[in-house]
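K.L.:
Sequence order for the protein chains is A and B.
Just so you know, we're using the working numbering here: the first sequence kicks off at 10 and counts up by one.
Just so you know, we're using the working numbering here: the second sequence kicks off at 10 and counts up by one.
There may be inaccurate statements among the hints.
No distinction is drawn between identical chains; accordingly, a pair holds when it is met within one copy or between any pair of copies.
Subject to a maximum C-alpha distance of 27 Å in a straight line, what follows is the list of computed DSS-like cross-link-like pairs (lysine-lysine) [to be verified]:
| no. | residue 1 | residue 2 |
| --- | --- | --- |
| 1 | K149 | K14 |
| 2 | K26 | K59 |
| 3 | K17 | K145 |
| 4 | K26 | K126 |
No lab work stands behind these hints, which were simulated from the structure alone.
There are 2 protein chains.
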Amino acid sequence: MSDSKSMKDTILDAAEKRVRRSGFSNMSFRDVAQDVGIKSASVHYHFPKKQDLGVALVDRYMARFETRLTMIDQNTLEAAVEEFVRLYAEALVMDESICLCAALGAEAMGIDPGLRKETGQFFKMNIEWLENLFAKHPTKTAYLTATEIVATLQGAMILSATTGQRMHFDDVANSIIAQVSAAVN
Amino acid sequence: MSDSKSMKDTILDAAEKRVRRSGFSNMSFRDVAQDVGIKSASVHYHFPKKQDLGVALVDRYMARFETRLTMIDQNTLEAAVEEFVRLYAEALVMDESICLCAALGAEAMGIDPGLRKETGQFFKMNIEWLENLFAKHPTKTAYLTATEIVATLQGAMILSATTGQRMHFDDVANSIIAQVSAAVN
DNA sequence: GTCTATAATTTGATAGAC
DNA sequence: GTCTATCAAATTATAGAC
């Protein structure tokens with residue numbers, strides 16, 4: 010057995026939850042510290058500046074997502090897209106929590122340029138994964154582009170979180186799958 | 010000639026610009042006051058609480074958008090969708106300014122519930138306008154849903170603002186138009 | 001309407017004891 | 001590593017003069 014979760018990861022978990030619910034600038038060291046049962050000065054020990062915490066959040070999020078993408082079987086286009094969409098569906102926790110990078114991207118000009126660039130990398134990584142998938146599977150008709158699919162899922166999360174209607178996301182998710190499916194058959 | 014812009018509107022202009030660039034919680038009374046050349050206490054005279062300013066921002070934004078939508082000729086599906094997309098393209102000012110309601114929606118759980126509900130109304134209004142348009146124009150094949158189009162445009166703005174690549178938005182905008190066009194012809 | 005002044009709170013961050 | 005203590009700055013908001 011490995012050791013239980015490190016404090017660093019516990020802090021990241023609490024911070025991620027807050028950023029994805031109400032944005033980066035709404036997440037404070039004091040609130041996160043209280044969430045995990047320590048003092049704000051102790052959070053600063055693990056992440057000296059808020060920007061450090063932000064970069065660590067995106068790096069971990071991106072690494073996790075990339076790992077999940079690598080695990081998706083790309084042998085059939087339809088099933089792969091379905092899995093991709095499912096990853097996003099999981100991110101919309103309780104209809105109240107959007108993608109970490111959408112939360113950061115929405116306040117792009119209010120965060121550090123380094124953090125912003127890292128956030129943009131997440132989107133690019135997602136788009137490239139889809140483009141690679143599409144390159145492997147020629148279809149009969151044209152359909153959604155990789156960028157379009159990523160944008161649609163990100164936007165749908167924001168719509169759902171704002172209106173409180175999970176339906177907004179699920180409708181969009183199903184439509185994406187249906188369109189890819191139609192292009193194959 | 011009408012009088013020049015009122016201070017209330019001048020304040021709203023400055024506040025809107027800041028919210029759309031870096032989010033609602035990153036917009037402070039002091040910054041806005043400095044933008045328009047008055048003191049923060051004077052901003053409070055026009056908008057007592059920050060929530061009041063937020064609601065006024067969304068109300069004005071929504072009213073403006075609705076007016077523009079009303080002006081779109083709905084006689085042909087393709088041209089109408091093209092105009093709709095163009096409205097969104099205008100919102101992505103300098104690739105650095107997303108939709109006001111996307112900025113607010115991204116921090117949905119960090120804002121006042123009343124303000125959140127008002128923000129959600131903007132998305133619903135957009136979706137209903139598109140649904141009404143689609144109901145008027147039966148097509149040969151299935152295509153993007155109303156919710157999907159709104160979500161896609163909102164998400165594309167966030168991608169563009171984060172990566173600094175206007176292309177991300179324009180690609181998506183063109184793809185939407187192409188797909189509606191294909192469903193018609 | 002706008003100002004000065006100020007209160008009350010929050011926030012990011014640091015120093016130093018344990 | 002975590003704590004107490006503390007700081008400087010920022011923020012929302014109000015009172016009252018002009």
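K.L.:
Now tell me, hint by hint, if it's right for this structure.
P.N.:
Hint by hint, here is what the structure shows:
Taking CA atoms no more than 27 Å apart as the test, K149 paired with K14 passes in neither setting, with 48 Å inside one copy and 55 Å between copies. In this assembly of identical chains, K26 and K59 lie within 27 Å of each other by CA distance both inside one copy and across copies; the values are 15 Å within and 25 Å between. For a Cα distance limit of 27 Å, the shortest separation of K17 from K145 qualifies neither inside one copy, at 40 Å, nor across copies, at 56 Å. Taking CA atoms no more than 27 Å apart as the test, K26 paired with K126 passes in both settings, with 21 Å inside one copy and 22 Å between copies.
Hints 1, 3 from the earlier list are contradicted by this structure; the remaining hints agree with it.
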